[in-house]
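Enquirer: Single-letter residue listing:
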Amino acid sequence: MSLEKIGDPHKTKHWMGHMECDYSYTHGIAGEKFFKELKENARIMGTKCKKCGFIYVLPRLFCERCFERLDEWVEASKRGEVHTYTVAHIDVDGNKLKEPIIWAMVKIDKVHGGMVHRLGEVDPKDVKIGMRVEAVFKDKKERTGSMLDIKYFKPVG
Amino acid sequence: MSAKIKKYPGEAIKTEDLRKGRVPVIRWKPKAKYAWSVGVAMSRFLKELKNGRIIARKCRKCGRILVPPRMFCELCFRSTDEWVYVKDTGVVNTYSISYLAADARRLKEPIIVAVIELDGASKGIGIFHHLGEVKKEAVKFGMKVKAVWKPPEERTGAITDIKYFKPAEV
Amino acid sequence: MFVKKRVAVVGAGLTLFRRNLKETGRELAYEATKMALDSAGLNLKDIECVTLGTAPDAFDGIHMKGENLLDGAGAWRKPYSRVFVGGGTGVFVANSGWWHVASGLFDTCLVVAEEKMSSCFPHPQYAFTTIFDPIVDRPLGMNLVWIFALEMHRYMHVHGIKKEQIALVSVKNKRNALDHPCAQLPAKITVEDVLNSEVMVWPVQRLDISPTSDGAAALVLASEDVAKKITDDPVWIDGVGWCIDSTYWTNRDLYYPEYVECAARMAYKMAGIKNPPKEIDVAEPYDPFDYKELHHMEGLLLCGKGEAPKLTEEGVTQRDGDLPINPSGGLLGVGNPIAAAGLMKICEIFWQLRGEAGKRQVPGDPRTGLAQAWGDLMQYGSVIVMRS
Amino acid sequence: MRDVAIVGVGCTGFKSITPDVSYKELMFEAAVSAYEDAGVDPRRDIDSFICCSEDYWEGFSIFDEFVPDQLGAVLRHLFTVSADGLYGLATAYMLIRTGAFDTIAVEAHSKASDILTFTDIVAFALDPIFNRPLGGHPFYVAGLEMNRYLYETKATKEQCAHVVVKNKKNALDNPYAAHGTKITVDDVLASEPFFYPLSRLDTSPLADGCVVMVLASESVARKLTDTPVWVRGVGWNSDTPWLETRDWGRAIHTELAAKMAYKMAGIKNPRKEICLAEIDDMFSYKELQNIEALEFCRRGEAGKLTEDGVTERAGDLPVNPSGGLLGVGYSLEASGLQKVLEVTLQLRSEAGKRQVPDAETGLAQVWRGIPTASGAVAVLSNKSR
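Protein sequences appear in the order of chains A, B, C and D.
Numbering-wise, the first sequence is residues 0 to 156 according to numbering that gives the first Met the number 0.
Numbering-wise, the second sequence is residues 0 to 169 according to numbering that gives the first Met the number 0.
Numbering-wise, the third sequence is residues 0 to 387 according to numbering that gives the first Met the number 0.
Numbering-wise, the fourth sequence is residues 0 to 384 according to numbering that gives the first Met the number 0.
Any given hint could turn out to be false.
27 angstroms max Cα-Cα, derived BS3-like pairs, lysine-lysine [as the list claims (entries may be wrong)]:
id	chain 1	residue 1	chain 2	residue 2
1	B	Lys19	A	Lys137
2	A	Lys10	D	Lys303
3	B	Lys19	A	Lys4
4	D	Lys303	D	Lys382
5	C	Lys187	B	Lys6
6	A	Lys35	B	Lys28
7	B	Lys28	A	Lys10
8	C	Lys304	B	Lys122
9	A	Lys50	B	Lys6
10	B	Lys122	B	Lys107
Keep in mind that the hints were calculated from the coordinates and are not lab data.
Make a model of the complete structure from these sequences and hints.
Expert: Next up, the structure:
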C-alpha cells in the first residue's frame with residue numbers, strides 16, 4: 000500500500016471530465032422497415048421465423064433461437080395485454096416526477112414479444128397485469144419514424 | 000471457401016447521405032460526466048505544477064525517478080519511497096508536427112508535440128507536451144528544451160500550467 | 000507448455016468493411032456469425048459457447064455493448080462473455096475462444112468480432128479523445144494520430160528509416176486488397192502517391208493510415224475430436240500469446256514494441272517455434288499505419304530490429320515473396336473496423352492455410368501462419384500461431 | 000482433471016466514497032494484500048492477470064490501458080473481461096484448466112463515486128433504437144421485472160423487505176461493508192416508491208472498493224497454502240438482450256448458469272449440498288428470484304423461506320451473510336468478486352462474527368444489472384475432490 004495517504008480532507012482533489020460524443024444510429028435492416036410502416040401507415044410489423052414459427056415483434060433480421068434469416072413480414076395487431084407494469088415516480092436525475100409514468104411490457108396479440116412502452120389515459124391505481132390495451136399513435140404529420148410515434152398504450156374495454 | 004463466396008453481406012451507405020439526412024437515424028448524446036479522485040500522487044503533482052515545479056516519485060529499490068509520479072513502482076511492485084523535484088528542462092525524445100486539431104479540424108499553423116525526457120528524472124522518463132517558440136524545421140531529436148510557464152496567477156494546478164516547452168539557450 | 004486439448008478453426012465468416020454500413024451492430028455480428036456457421040456446416044444448436052470481441056463502447060455508442068450484441072453473436076441462452084484489449088481485441092478474441100475449448104469445458108465455440116464505428120458521428124475520431132489520461136494527456140488536446148506520429152518518428156529516427164521505405168507497405172497492402180472482396184480501400188498507388196498525400200501529423204500522411212470502418216468477422220472453433228467430424232481441413236491454433244506494457248507511454252522507448260515480442264514469445268513457446276522467420280510461412284501483422292507493419296514484423300522476431308524496411312524493399316513481404324506479409328491487404332487495404340479487422344486477419348490465415356484464398360493465395364502450400372494485433376496506448380500485443 | 004483453487008484474496012473494503020485515493024491507488028492496495036495473502040510475487044509468479052471492467056463505469060475508453068502498472072503486470076500477460084469479476088474468476092478457471100497456466104490474478108473494482116451521471120450511463124446501455132428514445136430513469140426495467148415476479152410467484156413486498164432487513168443487518172458484522180444498518184420491514188415498506196412495487200430501500204446503494212484474487216492449479220495451490228478454496232464449478236449464461244422477448248418473471252440466466260456450475264461440481268441437491276450462498280441482491284426481489292433459480296427451493300417458496308428465517312446467518316441456508324449488495328454496496332463489476340470473497344473467507348473459517356459454522360461448500364452468483372439478462376455462478380469448497 001502507499002506509504003503516504005491524504006489525511007486532510009481539504010487536500011482531496013477531483014478532476015472533472017466526460018465521455019460525451021454525438022451518436023447517430025441507423026435503424027438497421029429490420030428496424031428501417033418497421034419504422035417506415037409505423038410512420039407512414041401506423042402499422043406494427045413483425046417478422047416470422049419459418050423454422051420455429053416464432054413471430055418477432057419488434058421485428059428482427061434473424062431468429063435469435065435458431066438463427067434463421069427472417070424475411071417473412073407480418074402485420075401485428077395494435078392491441079395486446081399488460082404483461083407487467085411499473086409506476087415510476089422519479090426521473091433520470093432522481094427528482095420526483097409531478098406525474099408518475101406508467102411503464103408496461105405489452106404483449107401484442109398473436110405474436111411473440113411486443114413492446115415496452117408507456118401507458119396513458121389510465122390512473123396508476125387501475126392498471127392490472129392482464130389488462131387489455133391498444134396503441135395510440137401520434138398524428139401522421141407528427142410521426143418521425145421512431146418508437147415515439149406511438150404516444151402510449153391505453154386501456155380498451 | 001473464401002473463393003467460393005460470391006456476395007459478402009453488408010449494405011453500404013454514403014457518408015454524404017448520412018450527413019444530409021437521407022438515411023433515417025436515431026440521434027443521441029449521452030450524459031457521461033465524471034469527477035475522478037486524483038489521488039495521493041497526482042494531487043501533489045498538480046499542486047506542484049501550480050507552484051511552477053515538477054515533482055516525481057522515487058523508488059529506492061530500482062533507483063528510478065518517475066514522472067508522472069505514482070505511489071507504486073510498476074517494475075519492483077512496491078511502494079515508491081520519496082518525493083523528488085525534477086527540472087523543467089529536458090530533451091526531445093520524439094516529436095510530431097500536427098496539422099490536425101484534437102477535433103480533427105485542419106490547422107493552418109501546425110502544432111508541434113513531443114515526448115520530453117526531463118532532466119533529473121531517470122533515463123527515458125518523459126512527459127508529453129507541446130513545443131513552442133520554434134519553427135518546425137528547427138526541431139531536432141535530442142534538442143534541449145525548457146518549460147514556459149503561465150504566470151503564477153493564471154495557474155490552476157493542471158498540466159496546462161506549462162504553456163509549452165521552448166528551445167533552451169545553450 | 001502442456002496444453003490439454005488441441006483446438007481447431009473449422010469455419011470463418013466476414014462482412015464487407017465499409018465507412019458506413021446500414022446494419023445495426025447485432026445485425027452485422029449475425030451476418031458474419033451465420034456465414035461462419037454455414038461454412039462449417041453447423042447450426043446454432045451445435046455451438047456450446049460464444050466469445051465476443053469489440054473495441055470501445057464509445058464507437059457503437061452503447062454502454063456494455065457486448066450485452067447488446069449477444070443475440071447477433073449467436074449467444075442466446077449460452078455461456079457468453081466479451082474480452083477487450085483495445086486494438087488488440089480482434090486477435091485476442093480468438094485466443095479467448097482457444098481457452099474456452101482447450102480447457103475442456105466446451106467442444107465448440109463461436110468467436111465473433113464486431114465494430115460499428117460510424118455510430119459515432121460526424122466522426123469516430125471524437126471517441127478516440129476519451130482513450131487518454133484525463134489529467135496529463137486530455138487537457139493538451141490529444142489526438143490519436145499525434146501519438147502514433149510520435150512513435151513512427153522515433154522508430155524512423157533510431158534506425159534511420161526513410162518515408163519512402165515505409166510507404167512501400169501502403170502500396171503493397173492496398174494493392175493486395177484489390178483481390179479482397181470485402182475491401183474498403185483497395186487501390187493501385189505508388190510510393191509517390193503516398194509521399195504526396197496530405198500531411199496529417201508529420202511524419203504521418205493520409206495514405207499512411209487505414210480508414211475507420213464498420214464490419215464484423217467470426218470463426219467457429221472446435222476441439223480435436225469434434226473438428227475431425229466437421230472437416231477434413233481443420234486449421235489448428237497451436238500458439239496464443241498476449242502482453243501489455245506500462246500505461247505510462249511517455250516513460251517507454253517507442254522505437255520498439257517490446258510487448259509484441261513478449262506476446263510472440265509466449266505464442267512461439269506454446270507452438271514450439273524456435274526460428275520464426277524460417278517456420279512462419281505467412282503472416283498478418285497489424286497494420287493500421289504502414290510503419291506498424293514494419294514495427295510489428297520486428298517485434299514478432301520475423302527479422303532483426305530495424306531490418307523490416309529492407310525486407311520490404313527487397314520484395315520479401317510480397318505475396319509471392321519468401322515471407323508474405325498481409326496478403327489480405329491488411330487494415331490499410333481492407334479496412335479497420337477495429338476488433339473485426341483483427342479477426343479478419345485470422346480469417347485470412349485460415350483461408351490461406353486451407354488453400355482457399357483464391358486470388359490472394361500465397362504460393363507454396365503454406366502450413367504455418369501467424370496473425371497479430373496491437374492496441375491500448377501503444378502497449379498491447381496479441382498473437383496467434385496457426386497450422387494446417 | 001486439473002483442479003483449481005483460490006489461494007489468495009485482497010480487498011480494500013467498501014465505502015460509499017473514496018476521495019483520498021485514485022482508482023490506481025485503490026487497485027494497488029487490494030493487489031498488494033492479495034499477493035501477500037497468496038505469498039506470490041506478481042512480477043515473477045503470476046502467469047496472467049485478468050481485469051474486469053466496463054469503459055463507461057470508469058470514464059475512459061479502453062480502460063485496459065490503465066491497469067497493468069498497479070497490478071504488477073507491466074510487460075506481462077494481462078487482459079480485460081468486460082463483465083463482472085465472477086466472469087473473471089470463470090476465465091481464470093478455464094485458463095488454468097488448459098494446462099498452460101498455473102497462477103492467475105483476477106481484479107475487479109468500483110470507483111462508482113467518480114461517476115456523476117450514473118443513471119444516465121445505465122440508460123446508455125439500453126438499446127439505442129427501440130428502448131432508449133422513450134427516455135425515463137432506466138430502473139423502470141427492475142420495476143417491471145419485480146412486478147411480474149411477484150405476480151407469478153405470489154411473493155409479497157413484505158417478503159422482499161425481509162431480504163433488505165436481513166442483509167443490512169448482516170452487513171453490520173462485516174468490516175468491509177458500506178451500508179450495514181438496523182431497520183425494520185416497516186421502514187422498507189415506508190420508503191419512497193421509486194418504481195412501484197420497487198421502493199427506495201429495495202435498491203442497493205453504490206459503493207467503491209476493489210477485490211483481487213489469486214487462483215492456482217492444484218499442485219501450485221498445495222505449495223502456496225494450507226487453506227485452498229477449490230473452484231468446483233463455474234457457469235455463466237445470458238437470456239436475450241431484448242426486453243421484448245425475455246422472461247420477465249424468471250432469472251433464466253441464473254437457472255442456466257447454475258445448471259452448468261452444478262453439473263461441473265457434481266451437485267445434485269443444492270439445498271442439501273451447499274452450506275451458504277452469496278446471491279445477487281441488487282434489488283431485494285432479485286435475491287428471492289435467484290434463490291429459486293439456483294434450485295434451493297421451488298418457485299414461489301423463497302419469500303416464505305426468508306420470512307421463516309431460513310436464509311438468516313443462523314438459518315438452515317444462510318444467504319448473503321456478508322450483507323450482500325444491499326448491505327455491502329453495489330460495487331459495479333466488483334459485485335460478484337465481493338461475493339466470492341465472502342464465500343472464500345467463510346470456507347477458510349476467517350469470517351469472524353459472520354462465520355457460518357462448519358461451512359464446506361458455498362456458492363456465489365451475480366447478475367450484470369440493468370438492462371442485461373446475464374449472470375454467473377461459482378461453486379466453491381474447502382474440500383478437494
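Enquirer: Hint by hint, which ones does the structure fall short of?
Expert: 2, 3, 4, 7 and 10
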